[in-house]
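Participant: Chain A is fixed; fit chain B onto it per the hints.
There are 2 protein chains.
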Amino acid sequence: MGIDIDIDIDKATGGATVLKQERALHTRHALVRSAAEVFERHGYVRAKLTEISAGAGVSPGALHFHFENKAAVAATVQAVAAESLRRAARTATRRPDLDPLRRLTDASYALAERLRQDVVARAGSRLSGDEACRTEVDLGAEWRACVHGLLTEAAARDLLAGGVSRADATASVVAATTGLEVLGRTDPEWLSPETLTRVWRVTLPRLAAPGALSRLPPGPGA
Amino acid sequence: MGIDIDIDIDKATGGATVLKQERALHTRHALVRSAAEVFERHGYVRAKLTEISAGAGVSPGALHFHFENKAAVAATVQAVAAESLRRAARTATRRPDLDPLRRLTDASYALAERLRQDVVARAGSRLSGDEACRTEVDLGAEWRACVHGLLTEAAARDLLAGGVSRADATASVVAATTGLEVLGRTDPEWLSPETLTRVWRVTLPRLAAPGALSRLPPGPGA
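As you go down the protein sequences, you meet chains A and B in turn. Residue numbering for the first sequence follows the numbering used here, starting at 15 and increasing by one per position. Residue numbering for the second sequence follows the numbering used here, starting at 15 and increasing by one per position.
Chain A on its own, in the form it takes in the complex (with noise of 0.2 Å):
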């Protein structure tokens, strides 16, 4: 019997521990979302800890539980949004049945819906842009790197048109998604599926070779 109690009162503490521990990962989440809210509305420097606190329903005192400062809660909104965005972008990279191009074209779709629903992605991916609270994720060139790889591949496989150069194809793609990004901050109309497919109507046919062209339908990746 004193076994008996001893299971129960372990049961007890166990389950006491592992409520505590997902109270503080939903406190965790809510100040991470309150601080992307805070932070898209008034950027880094005029952002304030109480608004932020305020916005996810915690006491200053829970804030500073979870991050020392300022500077760590951007870090953190900073790692969650790159998180989400490279997920979004292997998720259409690693697919090793479709061609490079459609591969580009369903990333640049999955990487603006991410953008448009998730202010944590928005406000991060701004933020790493920020000279002001600058960490190691550069969110920007990150995806320069995809879009180059994907355009060399698609240059070694004979993808791309003629009179279209590798350099001119990545420059042209990069520029207009990195417009996007940032008109989508003030309109999220300009992350729409609408809108990418107007510009890859445009971009794509210069892109890619007649044969490669058929089979890359300008349009939200099924």
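Hints are supplied without guarantee of correctness; some may be wrong.
You can't tell identical chains apart in this list, so a pair holds if it fits in one copy or across any two.
Pairs of lysine to aspartate or glutamate, EDC-like flavour, derived with a Cα cap of 20 Å [claimed, not checked]:
1) K62 <-> E145
2) K62 <-> D144
3) K84 <-> D152
The hints are simulated quantities; they were obtained by calculation from the structure and are not laboratory data.
Facilitator: Structure of chain B alone, referenced to chain A:
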């Protein structure tokens, strides 16, 4: 002789006033340029007035003689940038002898060059998109209206290629040029004529009707 002396005194006073005005104008120019450099380095919120006056080689008091506060400095940087960029765009677009697509590409080269060469244009352009110091100047909106106007004219004159709507064309050109402007803030190479030509080489042949294209060399305007 009394008259001669009077005239001499008038001349001397007039000369001193002109000299004083010239010096004030020179100081004001130096302050605007230094402010642009400081805004570009630190962003609006973190920019310090003492660094701006020091950069112009004047005292903080001299800065306050010209500008009431940081918002007034930023508003002036934006106004000077707007004037400079509008002049560059006007020179390119007010050419009734050239077709609207050629005027569009010419304007893009002129604006990119202005942004690349002139720190005030660059800083003012960036400030006009910064919610921390909104003024009535919205250079992004002006450029979008300019692109839209020229492409509307091109569509009306049957210069757009079949299969490309005016909305497709506008979205592509606005996205790509906005991207170049933003990328050029950290790497001026994105604003070079070479990079712009890469982008136009991909975009233009898809925008222009076959007949129009032969008259549209994708390169800096003559």
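Participant: Give a verdict on every hint.
Facilitator: Status of each hint after checking the structure:
Both within a single protomer and between protomers do K62 and E145 lie at most 20 Å apart by alpha-carbon distance, with minima of 18 Å and 16 Å respectively. Proximity of K62 and D144 under a CA criterion of 20 Å is satisfied in both settings, with 17 Å inside one chain copy and 18 Å between copies. Only within a single protomer do K84 and D152 lie at most 20 Å apart by alpha-carbon distance; the minimum there is 19 Å, versus 30 Å between protomers.
The earlier numbered hints are all upheld by this structure, with none contradicted.
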